[in-house]
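Peer 1: If you want the building blocks of each chain, they are given just below.
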Amino acid sequence: MAVRKPPITTREYWAPGHAACAGCGCATALRLATKAFSEAMEEKYGDPNAFAIAQATGCMEVVSAVFPYTAWKAPWVHVAFENAAAAASGVEAAWKKLGRKGKILAIGGDGGTADIGMQALSGMLERWHNVVYLMYDNEAYMNTGIQRSSSTPYGAWTTTSPPGKYSIGEDKPKKWVALIAAAHQVPYVATASIGNPFDFVKKMKKAAKVDGPAFVQVQCTCPTGWKSPLEKGVEIARLAIETGVWPLFEIENGDIWNIKIQAPGGGAKVKREGGRVVAIEFKKPIEEYLKLQGRFKHLFKQPEAIDVMREQIKAMWRTIGVEVTLPKPEE
Amino acid sequence: MPIRKVMKANEAAAWAAKLAKPKVIAAFPITPSTLVPEKISEFVADGELDAEFIKVESEHSAISACVGASAAGVRTFTATASQGLALMHEILFIAAGMRLPIVIAVGNRSLSAPINIWNDWQDTISERDTGWLQFYAENNQEALDLILIAYKVAENEKVLLPAMVGFDAFILTHTVEPVEIPDQELVDEFLGEYEPKYAYLDPARPITQGTLAFPAHYMEARYTVWEANENARKVIDEAFAEFEKKFGRKYQKIEEYRTEDAEIIFVTMGSLAGTVKEYVDHLREQGIKVGAAKMTVYRPFPIEEVRALAKKAKVLALLEKNVTFSVGGALFQDFSRALINESEKPKIVDFILGLGGRDVTFKDLDEALAIAQKALNGEAVDEVNWIGLRKEIL
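In the order they appear, the protein sequences are chains G and P. Numbering-wise, the first sequence is residues 1 to 331 according to the working numbering. Numbering-wise, the second sequence is residues 1001 to 1394 according to the working numbering.
Rather than coming from a laboratory, the hints here were simulated on the basis of the structure. Incorrect hints may appear among the rest.
[To be verified] Simulated pairs of lysine to aspartate or glutamate, EDC-like, Cα-Cα distance not exceeding 16 Å: (1) G:Lys205 with G:Asp47; (2) G:Lys97 with P:Asp1050; (3) G:Lys73 with P:Asp1050; (4) G:Lys97 with P:Glu1193; (5) G:Lys97 with P:Glu1195; (6) G:Lys101 with P:Asp1202; (7) P:Lys1021 with P:Asp1188; (8) G:Lys291 with G:Asp211; (9) G:Lys96 with P:Asp1129; (10) G:Lys209 with G:Glu311.
[Said to hold, decoys possible] Simulated restraints on C-beta separations: (11) P:Glu1195 with G:Pro7: 36 to 44 Å; (12) P:Lys1391 with G:Pro68: 57 to 65 Å; (13) G:Arg4 with P:Glu1227: 50 to 58 Å.
[As the list claims (entries may be wrong)] Far from chain P by the CB rule (all over 12 Å, computed), these chain G residues: (14) Val77; (15) Asn83; (16) Ala84; (17) Ala94; (18) Arg127; (19) Glu231; (20) Gln262; (21) Gly266; (22) Gly294; (23) His298.
The C-beta atom is built at its ideal place from N, Cα and C for all residues, glycine as well.
Work out the full structure, taking the sequences as your base and the hints as a guide.
Peer 2: Take a look at the structure:
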């Protein structure tokens, strides 16, 4: 009897027994990322295990490495919050001297990457280390109890951006680290989402196979911090893509003028010029994404705030060369 | 045959690194130790040192890259000073806690504010509780030798702790002296190839390093750092003995100078020891019974050696280029701890001097001597004395 090949390896590096919350989207991201890495290493070096991980302090670190247990079936090191990229640089240099074939995977959350770890990330990318930096973006400091980071989107409730009489919640637009990484003109930069796992796996494999530094920013849902239903993580992440909140793109060989924007799905109409996406008419209003999350609940009492959000999303798309139309929900 | 070259302590440190053959060096330039990475980059550029040299964007990343490389199982090296060492601070704890035998050369320099690039020991003294071993060099030869010895001790299985070697900013870092460069072959014999027993990031034997520990385990982990520091006492003696046998230069945790029949012993570290030895000669000519003692090893603190030293004098005069606010100098605390339960103990008088690169002259030492002599005669003196302070500008 024929056995169907699984779409991705059954090998596990992020093993059962970690202590992440139920419904954790980031745990899904790490599991998929390491599987993708393994496949890439197998294809490139003939050794599925030819990688090591350097990880920043954060929720995925504390839930996976509680002494005397570990959820990691790959060589793994954690040093501190802001230095996953620097530690990975050291590991990569050591591997080079040891003549060890393979690639280093650095992992950090949005706090450890977009904020405190930004300098180390920039240094690592600029020095051209053979490292893939994976930023798992759950859009706030979840490890310390849901405080805003510079990757928290406009309008979101967090414990340090509470809505109130004089506050709409987070009042700054999201910082897009992928674009900052791209400015380093490295071989590969991409955004991804657990809402499109096959695309994420494909991008992680691509990142792992390039020679030199790569950066992948994956949006992953956090039911605790987003106040969202445990079972709806992937659905919410998919809605982020389909409503225009989360763009999926790739930038290869440092060519920021040749950004590859992916069609979002969800009935969106994509206009291309010479193969390049220049405009997207989204069909689903961002409210469909927002309404499933308690962190945006307060915005529905102030719809003008959601309009501000729409303008910010348009501005972000314009930055990457795409004019978007974002519908309002039908009255 | 060993060769002799005239060089600065910074170059001596770079030569030590070259001889120790680290596989990964990560460094960020800072005055006064910039010449260390510069010289190392020349060695690497000329193929004289086969290492990966990571030109990091900060000292924080320098030490982080060293931790990553050391966790991957290779010998590592970096150099820094002052604010740079302070920027490494949190990772210094981590390197010790993870038991990674990294070696740092430090050009001992003051800390801001006000910004000041000259010598005192406040930078390394401020890191005395990180778990790192600490050595202080009197001259450029010692800077070279102590770095080799630091590797030997740090990598010992009973120790496995990182180590820093301090040499005074400008007084040594930028001053040329003849330095003997030992034979590579002998250094290779002395140090051997670094083979990590526990630390590696090997896909064939995956392990998890740098974990989270709950209250049930954290204290025990910290105790192992304590224990390793205790073990280092003996290992340092063994390393000193082996070094002397191989290279002919003798080191001791506390080196004594003319302490026989001394009533007052000046205790100090680093390059100041040279000045003090000369001062002691000068006083001995006048028939004044004084001696000197130099702390070559500061962490682990040589408690037994301090007790032995204390038996030889009526007054211990500590000359310190650092301040522990509201207490005195760090040595004052440490000496007090070593002697508090001794039945017979000398008086300890503390002197803070030479901060921020102010020269320590015989005139300053005369001032300290006068106070120490008062203490010797049973007169009341302040426990902590700032020497050479320009009160008129306060």
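Peer 1: What hints, given by number in increasing order, does this structure fail?
Peer 2: 3, 8, 9, 10, 14, 15, 16, 17, 18
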